[in-house]
Structure formats: C-alpha cells, structure tokens
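Protein sequences, first through last, are from chains B and S.
The first sequence begins at 95 in the working numbering and counts up one residue at a time.
The second sequence begins at 272 in the working numbering and counts up one residue at a time.
Careful: at least some of the hints might be erroneous.
[What the hints assert, rightly or not] Below, a sample of chain S positions facing chain B; criterion: calculated Cβ distance under 10 Å:
#	residue
1	S280
2	P301
3	F334
4	K377
Because the hints were derived from the structure by calculation, they are not lab data.
Every residue, glycine too, gets a C-beta built ideally from N, C-alpha and C.
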Amino acid sequence: GAGVSQTPSNKVTEKGKYVELRCDPISGHTALYWYRQSLGQGPEFLIYFQGTGAADDSGLPNDRFFAVRPEGSVSTLKIQRTERGDSAVYLCASSFKRDNEQFFGPGTRLTVL
Amino acid sequence: AQSVTQLGSHVSVSEGALVLLRCNYSSSVPPYLFWYVQYPNQGLQLLLKYTTGATLVKGINGFEAEFKKSETSFHLTKPSAHMSDAAEYFCAVIHYSGNTPLVFGKGTRLSVIA
C-alpha cells in the first residue's frame, strides 16, 4: 500500500517568508510525528499527534513553528518568518496506536535563502 | 531522558568485510531500540528493532543487532558488506510504553570499497 507522503519534496524560500509543509500518513495510522534533520545530524523530534490533538509539542523550537492535524489524517507544519537556520529536511512519520514502528516519509528539504 | 551515542560518524569497509556500527544508549527505563537506514534523498527505513524477548535481533538485508543491557549497547553488524549497503545508519531509542518520539543518534555513514 501507499506509504507516508510529503509535499513538496523541495522548498526554497526567502528569509522572513511563511511556509507550509504537508504530510499524508499511512491510512489508518493514528499517530503522526514531525522531525527535523539538519545536515550531518540525526532527526530531532518536533511534535507528535495522537488523532487530531498534539500530544507532545515540546520539540518545537519556538513560536514561529506550528502544526495542525484537523481531521486526524493529513498534517501541516507551518513556519512563520523563516530564518536561515530553519533550513533542514523535515521528516514526517506515522504509526498505529500502541505500535512502536514509525514509518517515515521521504522528507521535505527546506532551504531558506 | 533517553539519549543515543553512535561511535564513528563515518565507517569504511571493503566489500565482503564485516560491518560493525556501534550504538550506546542511555535510558532510565527499559528501552525499545531501533536501527534505521537512510539512502541518499530517501526517507528512513527500519532495519530492525528490539522491544522484548530475544536479545539478538535479525533484520532486513542480512543485518542483525544484539541488545546488551549490561553494556547499554545495541551494535549493528553484518558478516559481509555489499556495495548496496553504503548509506547513513541511525540508531534510535524510545520509552518502552510506545507511541513516543524516537530519540536518534547523529548517524554513521557507511562506505563500502570495492
């Protein structure tokens, strides 16, 4: 079946602009995660949804970052007033409730000029 | 809080040689441990995982890892490297209760020399 999909695959923006990154999880997966992977680093947790609500948003670096999952399926990560330091690959993963295996999407590479 | 240390940011082996990628973890509760592989411009793919039971875990592509509680280690091995094994490998840990974020190591890039 279809895996986790993320759009766009690449996004180039200018400093100060607003961006939205989309994640479409595997059908039926209730848990959804966002991670950020900077160059030469492992993925770092940003936010986790169980259903429609954010169960843990402790990884969001500041209030410029926000994520939603209004219908418990697709999620959007929103970044306001982008900064060059936001440049990274943003990964999305999903899993069944109470299942430990997270399935990752291919990521969105964000470049802030 | 959990943490993961991967020793060696880059490992280079000859084709057919043993692959050993090291991972040590820190966790105050029983951990679940994972190895993921990432090929260029692709997402993370699960190689294997340890949750409970047998401490030697076999995964895809001939990889295996052994959970050693006394050493807080979960090293990844493969008896004979293949060119297609060249990729970035990440060790990760979560709280045993599940449905919690993965904590990743910084990764080890494996190069395979012909």
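Structure-based check of each hint:
no.	hint	in the structure
1	S280	holds, 8 Å
2	P301	violated, 12 Å
3	F334	violated, 16 Å
4	K377	holds, 5 Å
Consistency with the previously given hints fails for numbers 2 and 3, ordered from lowest to highest.
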